[in-house]
Amino acid sequence: MTEKLLEVKDLHTHFYTSDGEVPAVNGISFHLNKGETLAIVGESGCGKSVTSLSVMRLIPDPPGRIVDGQIFFEGEDLLKKSDSAMRKIRGNDISMIFQEPMTSLNPVFTVGDQIAEAVELHQGVSEEKAHKIAVEMLTLVGIPMPEQRAKEYPHQLSGGMRQRVMIAMALSCHPKLLIADEPTTALDVTIQAQILELMKKLRDETGTAIMLITHDLGVVADMAERVIVMYLGKIVEEAPVDDLFHKPLHPYTQGLLNSIPRMDRGKERLHVIEGSVPHPANMPTGCAFNPRCPHVREICLERMPELIKKEDGHTVRCWLYTEEGQASKAVSKEVSS
Amino acid sequence: MQKYIIRRILQAIPILLGVSIIIFALTQAMPGDPLSHMMDPNITKEDLESAREKLGLNDPKYVQYFRWLGELLSGNLGFSTKYSKPVGDLIKERIGPTFTLSLLALTIALVFAIPIGVYSATKQYSKWDNLFTVFAFAGISIPVFFLALVLIWLFALQLQWFPSGGLTTPGVTYEFPKNIFNMLYHLVLPSMTLALLYMASFMRYTRSSMLEVIRQDYIRTARAKGLSEKVVIYKHALRNALIPVITILGLSLPGMFSGALVTETIFSLPGMGTLSYNAVVQRDYPILMATNLMFAIWTIVGNLLADIFYALVDPRIRYD
Amino acid sequence: MRNKPNDMRSEEILKKNKNKTTDKELKTQQIMSPGRIFWIRFRRNKLAITGTIVLLILASLSIMAPWIAPHDPNTTNVRYREKPPSAEHPLGTDTLGRDVLSRLLYGGRISMTVGVVAVAISLSIGILLGSLAGYYRGWVDTVIMRFTDIVISFPFLVIAITIAAILGPNFRNTVIIIGLLSWTGTARLVRGEFLSIRERDYVEAAHAIGAGEGRIIFRHILPNAMAPIIVSATLGMASAVLMEAYLSFLGLGVQQPIPSWGNMLVAAESLKALQYQWWLWVPPGTAIFITVLSINLVGDGLRDALDPRLKD
Numbered sequence: 056m057t058e059k060l061l062e063v064k065d066l067h068t069h070f071y072t073s074d075g076e077v078p079a080v081n082g083i084s085f086h087l088n089k090g091e092t093l094a095i096v097g098e099s100g101c102g103k104s105v106t107s108l109s110v111m112r113l114i115p116d117p118p119g120r121i122v123d124g125q126i127f128f129e130g131e132d133l134l135k136k137s138d139s140a141m142r143k144i145r146g147n148d149i150s151m152i153f154q155e156p157m158t159s160l161n162p163v164f165t166v167g168d169q170i171a172e173a174v175e176l177h178q179g180v181s182e183e184k185a186h187k188i189a190v191e192m193l194t195l196v197g198i199p200m201p202e203q204r205a206k207e208y209p210h211q212l213s214g215g216m217r218q219r220v221m222i223a224m225a226l227s228c229h230p231k232l233l234i235a236d237e238p239t240t241a242l243d244v245t246i247q248a249q250i251l252e253l254m255k256k257l258r259d260e261t262g263t264a265i266m267l268i269t270h271d272l273g274v275v276a277d278m279a280e281r282v283i284v285m286y287l288g289k290i291v292e293e294a295p296v297d298d299l300f301h302k303p304l305h306p307y308t309q310g311l312l313n314s315i316p317r318m319d320r321g322k323e324r325l326h327v328i329e330g331s332v333p334h335p336a337n338m339p340t341g342c343a344f345n346p347r348c349p350h351v352r353e354i355c356l357e358r359m360p361e362l363i364k365k366e367d368g369h370t371v372r373c374w375l376y377t378e379e380g381q382a383s384k385a386v387s388k389e390v391s392s
Numbered sequence: 024m025q026k027y028i029i030r031r032i033l034q035a036i037p038i039l040l041g042v043s044i045i046i047f048a049l050t051q052a053m054p055g056d057p058l059s060h061m062m063d064p065n066i067t068k069e070d071l072e073s074a075r076e077k078l079g080l081n082d083p084k085y086v087q088y089f090r091w092l093g094e095l096l097s098g099n100l101g102f103s104t105k106y107s108k109p110v111g112d113l114i115k116e117r118i119g120p121t122f123t124l125s126l127l128a129l130t131i132a133l134v135f136a137i138p139i140g141v142y143s144a145t146k147q148y149s150k151w152d153n154l155f156t157v158f159a160f161a162g163i164s165i166p167v168f169f170l171a172l173v174l175i176w177l178f179a180l181q182l183q184w185f186p187s188g189g190l191t192t193p194g195v196t197y198e199f200p201k202n203i204f205n206m207l208y209h210l211v212l213p214s215m216t217l218a219l220l221y222m223a224s225f226m227r228y229t230r231s232s233m234l235e236v237i238r239q240d241y242i243r244t245a246r247a248k249g250l251s252e253k254v255v256i257y258k259h260a261l262r263n264a265l266i267p268v269i270t271i272l273g274l275s276l277p278g279m280f281s282g283a284l285v286t287e288t289i290f291s292l293p294g295m296g297t298l299s300y301n302a303v304v305q306r307d308y309p310i311l312m313a314t315n316l317m318f319a320i321w322t323i324v325g326n327l328l329a330d331i332f333y334a335l336v337d338p339r340i341r342y343d
Numbered sequence: 017m018r019n020k021p022n023d024m025r026s027e028e029i030l031k032k033n034k035n036k037t038t039d040k041e042l043k044t045q046q047i048m049s050p051g052r053i054f055w056i057r058f059r060r061n062k063l064a065i066t067g068t069i070v071l072l073i074l075a076s077l078s079i080m081a082p083w084i085a086p087h088d089p090n091t092t093n094v095r096y097r098e099k100p101p102s103a104e105h106p107l108g109t110d111t112l113g114r115d116v117l118s119r120l121l122y123g124g125r126i127s128m129t130v131g132v133v134a135v136a137i138s139l140s141i142g143i144l145l146g147s148l149a150g151y152y153r154g155w156v157d158t159v160i161m162r163f164t165d166i167v168i169s170f171p172f173l174v175i176a177i178t179i180a181a182i183l184g185p186n187f188r189n190t191v192i193i194i195g196l197l198s199w200t201g202t203a204r205l206v207r208g209e210f211l212s213i214r215e216r217d218y219v220e221a222a223h224a225i226g227a228g229e230g231r232i233i234f235r236h237i238l239p240n241a242m243a244p245i246i247v248s249a250t251l252g253m254a255s256a257v258l259m260e261a262y263l264s265f266l267g268l269g270v271q272q273p274i275p276s277w278g279n280m281l282v283a284a285e286s287l288k289a290l291q292y293q294w295w296l297w298v299p300p301g302t303a304i305f306i307t308v309l310s311i312n313l314v315g316d317g318l319r320d321a322l323d324p325r326l327k328d
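Protein chains in written order, with the working numbering: chain F, 56 to 392; chain Y, 24 to 343; chain U, 17 to 328.
Take these hints with a grain of salt, some might be off.
Claimed, not checked - Computed footprint of chain F on chain Y; a stretch qualifies when at least three of its residues, placed anywhere within it, have a C-beta under 8 Å from a C-beta of chain F: (1) 244–250; (2) 254–263; (3) 329–339.
Said to hold, decoys possible - For lysine-lysine, the following BS3-like pairs were computed, each having C-alpha atoms within a straight-line distance of at most 25 Å: (4) K258(Y) with K187(F); (5) K206(F) with K108(Y); (6) K59(F) with K187(F).
Unchecked claim - Every beta carbon over 10 Å from chain Y, so not counted as near; a handful from chain F, in silico: (7) L134; (8) S137; (9) P162; (10) F164; (11) E172; (12) E191; (13) M200; (14) M224; (15) T240; (16) G262; (17) S314.
None of these hints come from the bench; they were simulated from the model.
All C-beta atoms in this analysis are idealised placements derived from N, C-alpha and C, irrespective of residue type, glycine included.
So that you can see chain F by itself, here it is in the shape it has in the complex:
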């Protein structure tokens, strides 16, 4: 049953900016099984969106480029495919929904046309049939009066409705993998819940695998089976969702979890991770998290740790879980000012 749908191996995606070469994704490997939901979390700028765009091969070039690695989808390396072969996969086998429903739809075409366009292209059906499918998809994502709505333009719909349209568009060709890049971030809280419910329902009905990109751990707990935590272009922790929430290993994950407000913790002060994310073109020496880490040891300033397997399916990139790290001297906290 655990057949691998997607396998990313040692992916490096760099951006060439006026500040120099920026390794936005710096050697990450992970996989996604058929029908599974994997969440990738991290602060903005950690490379999670670049990872998803790399899988779609939609990195704008210039300034970005995938410089190394392999992305196997159903056993075939997407990075070796021709542009036209890749286009047959995009929107068909792998589709994507984006963060900004307000700007992600073309303002001059009706939503029906925009959904039908992909159906016509990938399924080779007539325009009429494609429009019928578009209306069916709108019904599926719970848009009232779908026939009427299909003839409307994006600006006539609310943000929540537009995100439903994006989902309808993404699912219109029954993709095997759906990449959702912060699908609820731009929406109101009540609408967020509705969209998540919809995505869960559709996933259970269609069996589509989902790669969920988010910074919202609430969304992760609600939807994902497995979680990858990214920091500055690298994976720092990977675990099944329950493990991650109950036994977070990496100090960064612990920080993230502590910064969620929780009803059961009473009036305790909200924890914040000290400092801010360094610029990727100007990486700290050693472990990238060391300027913000509460447990820095000397070794953390010298070398980046490898990913360490702690338990089944639970890996972490931190010296604290190695003998070498345990032996290393703690750096005094005085300097934190």
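Let chain F serve as the given structure and place chains Y and U on it in line with the hints.
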């Protein structure tokens, strides 16, 4: 949509009135009055005075303005003493060449400018983009008359491919449609002159508008659907990029008319531009006022049409 | 592998790592003055630099015309008419036997003077009306903007030759006509800037401490709208030089015997001159072209350098 169009038309009315007031004021500023031009020098002062009274020249200015406006609205644009013809008739004769020339030039310009602009935007900073940029800068910097002279020198005098002026070969009448090819042949150089001029700026506008659009999220969505680059650029991006270009087209009208005036003068085309220019040289004020009025009205109507067209292609306005 | 630099203690490394977070921001925000940032951006634009250099050369040639011109620009010589270039007359002589090169140099003074003065006039009107409209809004704004719409409706050349016919064509009137007809763009621009700037906090603060309206307009708002105004003034200069050339070419601008690039080109209206006497029309036409092109290149460079929103 209807409300929008009605609102836009209502907005144009005060502008038209303002234009008419300025033109009336200019008439008043002109040296002499209609009588000092046409009267016999032997007439006595008293007769002159009574004639003035009869023509209403002694009435308050605002009375004279409204009377003039009334005449305009009933289609009376005045009488040209130099041509001994109503100004309205003269303008009717001259509109044809001006419009043919402008439309020809505009069409040629757009046919080239839009694809080039799109290409430049998709291949920003490439060798060709840089070349087109230099061409565009040259185009907006060269005086029309100098460009016209260079084209005449090259194509009419050196190569002798096209005539250097006139609307038809001498002896051939302006009859339409019989002599259309003779006329078009004569219009090659003038429309090339204007087309090169318009092309430069429209190329730049298309390019910058396109650069703005291809950065938008919905272009990424279109690519994520698996659409080919051609469909992404020419269907999804261009449709959006051309919307602001329509407004620019409307706003460029006055400049285009100025260009047409110079071009007509150099190529001796019997259009509205030469009519205005000759009127200045011959101090034929009724014609001058009428041509000013016509050009201003065309500009205002052109902008109005551009706005309406804009609304037609932009659903965000259409359904407001 | 554990080759920790001896001269650096762990605390120092950590401190340095922490500082890296803000290094980037420091570099752009505190160390460089706005003028320096502008210069670095401007310098990168090769076309703009070329334009600046060419413009400086043309301007100095024009200014130095009385000293470097080989002949008096107005001395006629009936026996030495329409002669091709020679050692005596590097660009030949015109229909009245005057030295073309000398007239070209003196013509540059006229063109550039018209450009500068006309832009000064149009800028003053545009800034004044734009500020009033953008600051007071309401009916003041409506009246000024409708007036702007009216002026914009007249094609420049048509109305300009009409006014020139009424006022009489000469150098002074040319400057006035160009100035009076080309302020509309500046007015709209300044109004737009005012509408956005007047909402900002520092303007609110100036209001709160009781600063007078004049002070708010001239000390707080205008300086912040300078960048687009400078750009529009530069591009306005290019079009003023062109407009002078058009008017003079049509015989309704600067009049003979004062040399202007526009009225020198009148000679080329005869097909004979166009075909056989290139020195009569190619030099003044090229001079206008190069001058306007240089100013446009500088203006474009200024826009890119002053308005970072337009470039990535």
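Right, here's what the structure says about each hint:
Given a C-beta distance limit of less than 8 Å, the hint that chain F covers the region 244–250 of chain Y holds, as 7 residues qualify and 3 suffice. Coverage of a stretch by a chain is defined here by at least three residues with a beta carbon nearer than 8 Å to that chain's beta carbons; for the region 254–263 of chain Y and chain F the count is 3, and the condition holds. Look at the region 329–339 of chain Y against chain F: 4 of its residues bring a Cβ nearer than 8 Å to a Cβ of that chain, three or more, so the hint holds. Restraint check: the Cα-Cα separation between K258(Y) and K187(F) comes to about 22 Å, which is no more than 25 Å; the hinted pair holds.
The suggested pairing of K206(F) with K108(Y) is violated, with an alpha-carbon distance near 57 Å, which exceeds 25 Å. Our distance criterion of 25 Å between C-alpha atoms is broken by K59(F) and K187(F), whose separation comes to about 33 Å. No Cβ of chain Y comes within 10 Å of the Cβ of L134(F); the nearest lies about 17 Å off, and the non-interface call holds. With 10 Å as the threshold on Cβ separation, the claim that S137(F) sits away from chain Y holds: the shortest Cβ distance comes to roughly 12 Å.
At roughly 6 Å, the least C-beta separation between P162(F) and chain Y is not larger than 10 Å, which violates its mark as non-interface. Under the 10 Å C-beta cut-off, the non-interface status given to F164(F) relative to chain Y is violated; the minimum distance is some 8 Å. At roughly 7 Å, the least C-beta separation between E172(F) and chain Y is not larger than 10 Å, which violates its mark as non-interface. Remark: the non-interface label on E191(F) is consistent with the geometry, its nearest Cβ contact in chain Y lying 18 Å away (cut-off 10 Å).
At the 10 Å boundary, the C-beta of M200(F) stays outside the reach of chain Y, the nearest C-beta of that chain being 16 Å off. A cut-off of 10 Å between C-beta atoms contradicts the statement that M224(F) is not in contact with chain Y; the least separation is 7 Å. At the 10 Å boundary, the C-beta of T240(F) stays outside the reach of chain Y, the nearest C-beta of that chain being 13 Å off. The Cβ of G262(F) sits about 21 Å from the closest Cβ of chain Y, beyond the 10 Å cut-off, so the non-interface label holds.
For S314(F), the requirement that its beta carbon stay farther than 10 Å from each beta carbon of chain Y is met, with the minimum near 28 Å.
Going through the hint list in order, the structure does not satisfy hints 5, 6, 9, 10, 11 and 14.
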